[in-house]
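Residue numbers (the numbering used here), protein chains in the order written: chain A, 718 to 860; chain B, 182 to 664.
None of these hints come from the bench; they were simulated from the model. Glycine included, each C-beta is placed from N, C-alpha and C at the ideal position. Be aware that a few hints might be false.
[What the hints assert, rightly or not] Taking lysine to aspartate or glutamate and the EDC-like style, the derived pairs with C-alpha atoms no more than 16 Å apart in a straight line are:
hint, chain 1, residue 1, chain 2, residue 2
1, B, 391, A, 779
2, A, 818, A, 831
3, B, 343, A, 754
[Said to hold, decoys possible] Label-pair ranges, simulated between beta-carbon atoms:
hint, chain 1, residue 1, chain 2, residue 2, range
4, A, 723, B, 528, 40 to 46 Å
5, A, 831, B, 430, 28 to 34 Å
6, B, 398, A, 818, 26 to 32 Å
7, B, 276, A, 834, 41 to 47 Å
8, B, 488, A, 831, 53 to 59 Å
9, B, 638, A, 849, 52 to 58 Å
10, A, 825, B, 403, 17 to 23 Å
11, B, 488, A, 834, 51 to 57 Å
12, A, 750, B, 566, 45 to 51 Å
13, A, 720, B, 534, 57 to 63 Å
14, A, 831, B, 403, 28 to 34 Å
Spelled out, the chains give:
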Amino acid sequence: MIRSREVIPTSLEHALIANRVLVALASGDLTSQESQDAMEDGLRFLKSVLKGEELTASRSVEADSYKAALAYGEGVKAFELVEYKPGQNENPTTYLQALLKYASTIREQPRTEEAVQKLTGFFQIIRDLALEATERPIETVNW
Amino acid sequence: MQGIDQKTYLDVFEQKLYSLRKLVQDLQRGLPPPQPEQFIQGLNLIIDAVETFLSCRIASLQGALAGNSDALAAQIAFHAKVALQVLGSVHEQCLPLLHAESQHNEYLFKPSIDRAVGLFTKSGFELTLIPDFQYNYAFDGKENFATREVELLERHSDPDTKAALAKLRNEAALKQWIVFLHFPVAERDSALKLCVLAHELGHFVDETNKIYRELLPLELDKTSFDELVNARCNTPAYGSAAASGGAQLTFETIFTRTGVQARCYLSCNEMLDRWIREIIADILAAHAIGPASYFAFNDFLACMGAENATSNSHPAPAFRLQLILKELKDTMGYMNSASAIDSVLSEAIPRVAAGAADAKYRDEAKVVHKTIDRNLASLLAKIRPVVSEYSFGASNYRSTVPKILERLRRGIAPIEVLDEVQGQMSAASVVGILNAGWELYKTDRAGFYGKFKDDVPELERLGSLNHLLFKAVEASEVKRRWK
Numbered sequence: 718m719i720r721s722r723e724v725i726p727t728s729l730e731h732a733l734i735a736n737r738v739l740v741a742l743a744s745g746d747l748t749s750q751e752s753q754d755a756m757e758d759g760l761r762f763l764k765s766v767l768k769g770e771e772l773t774a775s776r777s778v779e780a781d782s783y784k785a786a787l788a789y790g791e792g793v794k795a796f797e798l799v800e801y802k803p804g805q806n807e808n809p810t811t812y813l814q815a816l817l818k819y820a821s822t823i824r825e826q827p828r829t830e831e832a833v834q835k836l837t838g839f840f841q842i843i844r845d846l847a848l849e850a851t852e853r854p855i856e857t858v859n860w
Numbered sequence: 182m183q184g185i186d187q188k189t190y191l192d193v194f195e196q197k198l199y200s201l202r203k204l205v206q207d208l209q210r211g212l213p214p215p216q217p218e219q220f221i222q223g224l225n226l227i228i229d230a231v232e233t234f235l236s237c238r239i240a241s242l243q244g245a246l247a248g249n250s251d252a253l254a255a256q257i258a259f260h261a262k263v264a265l266q267v268l269g270s271v272h273e274q275c276l277p278l279l280h281a282e283s284q285h286n287e288y289l290f291k292p293s294i295d296r297a298v299g300l301f302t303k304s305g306f307e308l309t310l311i312p313d314f315q316y317n318y319a320f321d322g323k324e325n326f327a328t329r330e331v332e333l334l335e336r337h338s339d340p341d342t343k344a345a346l347a348k349l350r351n352e353a354a355l356k357q358w359i360v361f362l363h364f365p366v367a368e369r370d371s372a373l374k375l376c377v378l379a380h381e382l383g384h385f386v387d388e389t390n391k392i393y394r395e396l397l398p399l400e401l402d403k404t405s406f407d408e409l410v411n412a413r414c415n416t417p418a419y420g421s422a423a424a425s426g427g428a429q430l431t432f433e434t435i436f437t438r439t440g441v442q443a444r445c446y447l448s449c450n451e452m453l454d455r456w457i458r459e460i461i462a463d464i465l466a467a468h469a470i471g472p473a474s475y476f477a478f479n480d481f482l483a484c485m486g487a488e489n490a491t492s493n494s495h496p497a498p499a500f501r502l503q504l505i506l507k508e509l510k511d512t513m514g515y516m517n518s519a520s521a522i523d524s525v526l527s528e529a530i531p532r533v534a535a536g537a538a539d540a541k542y543r544d545e546a547k548v549v550h551k552t553i554d555r556n557l558a559s560l561l562a563k564i565r566p567v568v569s570e571y572s573f574g575a576s577n578y579r580s581t582v583p584k585i586l587e588r589l590r591r592g593i594a595p596i597e598v599l600d601e602v603q604g605q606m607s608a609a610s611v612v613g614i615l616n617a618g619w620e621l622y623k624t625d626r627a628g629f630y631g632k633f634k635d636d637v638p639e640l641e642r643l644g645s646l647n648h649l650l651f652k653a654v655e656a657s658e659v660k661r662r663w664k
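One chain only, chain A, in its complex shape (with noise of 0.2 Å):
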């Protein structure tokens, strides 16, 4: 039996990269050093996102594919949350394209508020939801 022992599991980076995508988006200035590494590590995350979704589609299993897996299913999450309306709109894969679309571009063009308002959305529920996934029980009652 192996048992795992991360200190820092991967939710909880995920939280950080999230945060720091976030501190730079609300600070305006995405020139700094700082908010360029933050929004590169946003758009590495949104690439991860992406090769979860091609081997999910695949059903390919890769050296590096669970972690690719977990971000997959933290996006599709954040979709449910965010954009998902029955009947109408149920497939991620264009949401979460004009995200990476935005990451890519917000750097070079002058910011658009829809492409700063879509990515703090979805870069919040990320951060809330990895947060989420590494806290603890309150309390444990066995009887």
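Given the structure of chain A, go ahead and fit chain B onto it with the hints provided.
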């Protein structure tokens, strides 16, 4: 926890930091030598790094968000929560290892384990045995323990925090691997039962040689995966249709088909990862210690009262027993003679095969089992070369075990045996000693017990056999080192 102010978070952080440092010191004082020094150094590094991370991040945020007190408070609370969670992990996952280590008895076989690991890895490692009250064996290992965690905090920090963390990290010089092997404390006096540790060492060899990565990519079985997704999509959710006043809600209507598929893929991925790692460890253990791996695993499963059922972490027990027996027979040359050991192993084959055929696979387990079944031959072909040089095949068994067994039968700790080529006594092989112990236990227990006075209870006689084995393992290792 939105109602908690940042000052409270910072206060409790200071207190938690203080109490963890004190705990590490107290536990360290109670440890008998040799202490897991690298692990303790790593723990202290993580604790220091978390303190540095939080204090430097707060200083940086106070500058960057000077005009926005709400945002500053929220960011301080966020970073304090992250820091507290990391300290929580240290408390929950790492300190019990130090505590358990304080309960250890003499590990007569530890030098042999270190020597075995050294055959498979050139990296520095610190290996610690942990007696556990959970009735289980476990491998708990980490590459670049502590430095990895500090690097991760660095990656999500501002330049000043990064520099402070990098300084801490560079001052520590930790070994690449810090490993804990857990075993049930009730089995500490049984050399026979502790042979299961060979499987746990198999996990370590897998990690250091990255065997698992070599076996990928694999494609999940399509038919069973689609069945799983369809079944989950149609699973009723939130009570009946009548109760919700309309059409029956299903997982698909709540999570979307894509969401269900993503969850199924994630759980299958995790299960496949774990099952394959178990198979790797089973095969490595079978090659490393031969029939002893089968006997010890078989008795361990019996001792657990384990059902022949799959779990998230393990394939069905009968499937694994069958895999080990097939490896012993088809690849390692056992069960080709009328010897006592071959007879015992051969007798198990039909029983284990029936159990394997009878195992039930549902949901994720069905997907993973079918995926492994389809790829099993190629997986095994990639695992074997790692251990082939040290494989304890039937010819090795025949040349080493009988001489050791002969001494054991007479109640002598088989520390040395006659090396006929060199014409002198040489240290007995540890694997040979363990297999001789199992052969005696499985094929001539009554003969061995017959050497004792009538008033000695049977289980004490078995205890004596285990003592002879421990003694032989320890002393043969000493002799090997002197040579």
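Here is what the structure says about each hint:
no. : hint                       : verdict
1   : B:391 to A:779             : holds (13 Å)
2   : A:818 to A:831             : holds (12 Å)
3   : B:343 to A:754             : holds (13 Å)
4   : A:723 to B:528: 40 to 46 Å : holds (44 Å)
5   : A:831 to B:430: 28 to 34 Å : holds (33 Å)
6   : B:398 to A:818: 26 to 32 Å : holds (28 Å)
7   : B:276 to A:834: 41 to 47 Å : holds (44 Å)
8   : B:488 to A:831: 53 to 59 Å : holds (56 Å)
9   : B:638 to A:849: 52 to 58 Å : holds (55 Å)
10  : A:825 to B:403: 17 to 23 Å : violated (41 Å)
11  : B:488 to A:834: 51 to 57 Å : holds (53 Å)
12  : A:750 to B:566: 45 to 51 Å : holds (47 Å)
13  : A:720 to B:534: 57 to 63 Å : violated (31 Å)
14  : A:831 to B:403: 28 to 34 Å : violated (39 Å)
The earlier numbered hints that this structure contradicts are 10, 13 and 14.
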